[in-house]
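Chemist: Okay, here's what each chain looks like letter by letter:
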Amino acid sequence: MRIFKVIILFVMISGLAFGAFSCQTLQSLTGPKATLVITPAETFLSPALFKKPVTFKGSGFQPKEMISVEMVLPPGLKMKGVKEGEDVGIAFATANEKGNFTAAMAPTATLNWFFQVGWTPLLRPNFKAAKPIPPGVYKINATGLDSDRIATSNLKIFPPPKKK
Amino acid sequence: MRKEYLIFLSIVLTICLSVVTLSSSAFAKEKAVIYLSLADYTGPIAGLNVPADKGTEDYINDINAKGGVDGVKIKFIGIDTRYDVARAVSAYKRYRRTPKLLVVNSIGTGIARAVGRLLVRDKRVQLTPGDGEFQAHLGSTFIWGPAYQDAFAALMDWVMDDWKARGKSGVPVVGYMSWDNPYGREPLRGGKEYAEKLGIKLLPPEFFPPGTLKHDVYLTRLAEAGASYIYVGGIDPTPTNVIRDGYALGLTRKIQFLTGYWGPTSLGLSIHAKALEGTANVSFFQRGEDTKMNKVVAGLWKNHRGSLDKLNGVYGMGIAWGMTYVGGLRAALKAVGYEKLKGLDMYKAYQNITGFERAGIQGPCAYASDSRRGSREIKIYRVKGGKIVPITGWRKTPDAVSLHKF
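If you read the protein sequences in the order shown, they are chains A and B. For what it's worth, the working numbering labels the leading residue of the first sequence as 1, then goes sequentially. For what it's worth, the working numbering labels the leading residue of the second sequence as 1, then goes sequentially.
Hints were generated in silico from the structure; no laboratory data involved. Treat the hints with caution; some may be incorrect.
[Unchecked claim] The following label-pair restraints were derived from C-beta to C-beta distances:
id, chain 1, residue 1, chain 2, residue 2, range
1, A, Pro-159, B, Lys-295, 55 to 61 Å
2, B, Gly-299, A, Lys-78, 33 to 39 Å
3, B, Gly-71, A, Lys-51, 52 to 58 Å
[Unchecked claim] DSS-like, lysine-lysine: derived pairs with alpha carbons at most 30 Å apart:
id, chain 1, residue 1, chain 2, residue 2
4, A, Lys-64, B, Lys-405
5, A, Lys-80, B, Lys-405
6, A, Lys-128, B, Lys-75
7, A, Lys-131, B, Lys-214
8, B, Lys-384, A, Lys-83
9, B, Lys-54, A, Lys-64
10, A, Lys-80, B, Lys-164
11, A, Lys-131, A, Lys-33
12, A, Lys-80, B, Lys-54
13, B, Lys-75, A, Lys-83
14, A, Lys-83, B, Lys-73
15, B, Lys-164, B, Lys-348
Note that the structure is predicted; figures quoted are calculated from it, not measured. Where a beta carbon is used, it is the ideal one built from N, C-alpha and C, also for glycine.
Between the sequences and the hints, there should be enough to build the whole structure, so can you do that?
Modeler: What follows is the structure, given as structure tokens:
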């Protein structure tokens, strides 16, 4: 009877250990805690974002690894060119020797993913076809593409101020 | 009690075995490999990428309908990056651990440079337009045809021929205008040196921002500097619109306009045929009337898309991407078989399909251990009577990449 208990326990522990080792997320917990700071953390959607784009600062990543900064789209939110359930990349960077990074949203990213503009055949953004993303709090993830470390923060988008 | 344990243990073992059996049988049922396109379907260069990817997808669908490559099916995954590098990096991140992902086609050089760093680490093939740097520094990125500077150099050879054929004395004066970005400057990195070697007088280049509405200032400056030829870069409709402005200024009567790979297609012609008349174009893939005459390209288009009226030359280029993938896959499967097949095997295979033919859509494959060029040949086309017709056969391009220090 005891031997069966041991076998069952062995099977369960092996299963758990296998799951833990194959899970990339757990692997990422073994390194330092990654952090992400978004500036500004709260913003309106306005043309000012082209002059002063949303920027991301992170730490705790592997030195020299590439970082992908992604916006997690809430269920039901439709975005041009993005399938439902996909996160959308809004910036990228390479971590320095200390594992820190800074990235800013490029104008094309702001146009495509915040304003959701159309494009004319002359390669000019078409604001008439724009469908700006709705105001709300959006989860932003920065992921190290070698370490799989993930840092998370929130970006709040306010409705545009009412015109007086 | 012991009996209960035995039953419990049997259930656990049965479940484990079922999972293993089911997953392995599902795996065995469908042998498949992946082609990932980091594309632009709704962004600024969608007009070029949509028909090209249609060509790749239609070709792959036909191959799959015939049973695949030695029983291996190809899955085409197209991601709309809207020409945005951050989106492309994120999209590749999502797919990079996909088993049997063998090739990634990156629609822009900016995307290729960013994603390429990951692909080197993942030992996968990347395809990208025509930046000479990928030939100068050999890696896992392969370009679609001859490098931009090679094509520009071949065009300069033709300029010399044309100059002589017109009975002109002295040397031709060539103006250059293109987008103010790395792509716009690329043909000159080696192309400039080649033109100077030929004795051509190349005027200081004129660069303008993508999206410029009128180009009169740049055109006038080049005309006043004595240009007898003007090369117009950018992706259509930019070249079409520049030449439209040149036509309005009366310049097309005295200056021969030239365009690169992404010059006028049937789209530009349908709007500005009169202005484009006489324009010469260098291309590594068949276009215009040549495309319509190509039985493979026209046949696929008819089967999948309908009337030939809207057939665009870049559709054929997309078919050639698919053909190259199939050629590489066949070689890789022969070398290692399906079970062991990895991205690195495709990388080796792409270097071993030198001379591979693609139904005449472009020159023979020039990929090799020391070459990342998709082919070495170009043709010169001209707009005649509202149609794009070839005025030369295939010509081998000079190696202009080696003339520049990268």
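Chemist: B:Lys-54 and A:Lys-64 were given as a pair; does the straight-line alpha-carbon distance stay at or below 30 Å?
Modeler: violated (37 Å)
Chemist: Are the Cα atoms of A:Lys-128 and B:Lys-75 separated by 30 Å or less?
Modeler: violated (36 Å)
Chemist: Taking 30 Å as the top limit, are the C-alpha atoms of A:Lys-131 and B:Lys-214 close enough?
Modeler: At roughly 28 Å apart (the allowed maximum being 30 Å), B:Lys-214 and A:Lys-131 satisfy the hint.
Chemist: For the pair we were handed, B:Lys-384 and A:Lys-83, check the Cα-Cα distance against 30 Å.
Modeler: Since the Cα atoms of B:Lys-384 and A:Lys-83 sit roughly 43 Å apart, the hinted pair is violated (cutoff 30 Å).
Chemist: Would you mind confirming whether the straight-line C-alpha gap from A:Lys-83 to B:Lys-73 stays at or under 30 Å?
Modeler: holds (24 Å)
Chemist: For the pair we were handed, A:Lys-80 and B:Lys-405, check the Cα-Cα distance against 30 Å.
Modeler: At roughly 41 Å apart (the allowed maximum being 30 Å), B:Lys-405 and A:Lys-80 break the hint.
Chemist: Would you mind confirming whether the straight-line C-alpha gap from B:Lys-164 to B:Lys-348 stays at or under 30 Å?
Modeler: violated (45 Å)
Chemist: Keeping to a limit of 30 Å between CA atoms, is the pair of A:Lys-80 and B:Lys-54 held or broken?
Modeler: Cα-Cα ~19 Å, so holds.
Chemist: Hey, A:Lys-131 versus A:Lys-33, does the alpha-carbon distance stay inside 30 Å?
Modeler: violated (36 Å)
Chemist: Would you mind confirming whether the straight-line C-alpha gap from A:Lys-80 to B:Lys-164 stays at or under 30 Å?
Modeler: Judged against 30 Å, a Cα distance of about 52 Å means the pair is violated.
Chemist: So if I understand the rule, the pair passes when the alpha-carbon distance is 30 Å or less; does B:Lys-75 with A:Lys-83 pass?
Modeler: holds (18 Å)
Chemist: Given the hint that A:Lys-64 pairs with B:Lys-405, does the C-alpha gap stay at or below 30 Å?
Modeler: holds (27 Å)
Violation of the numbered hints given earlier is confined to hints 5, 6, 8, 9, 10, 11 and 15; the remaining hints are satisfied by the structure.
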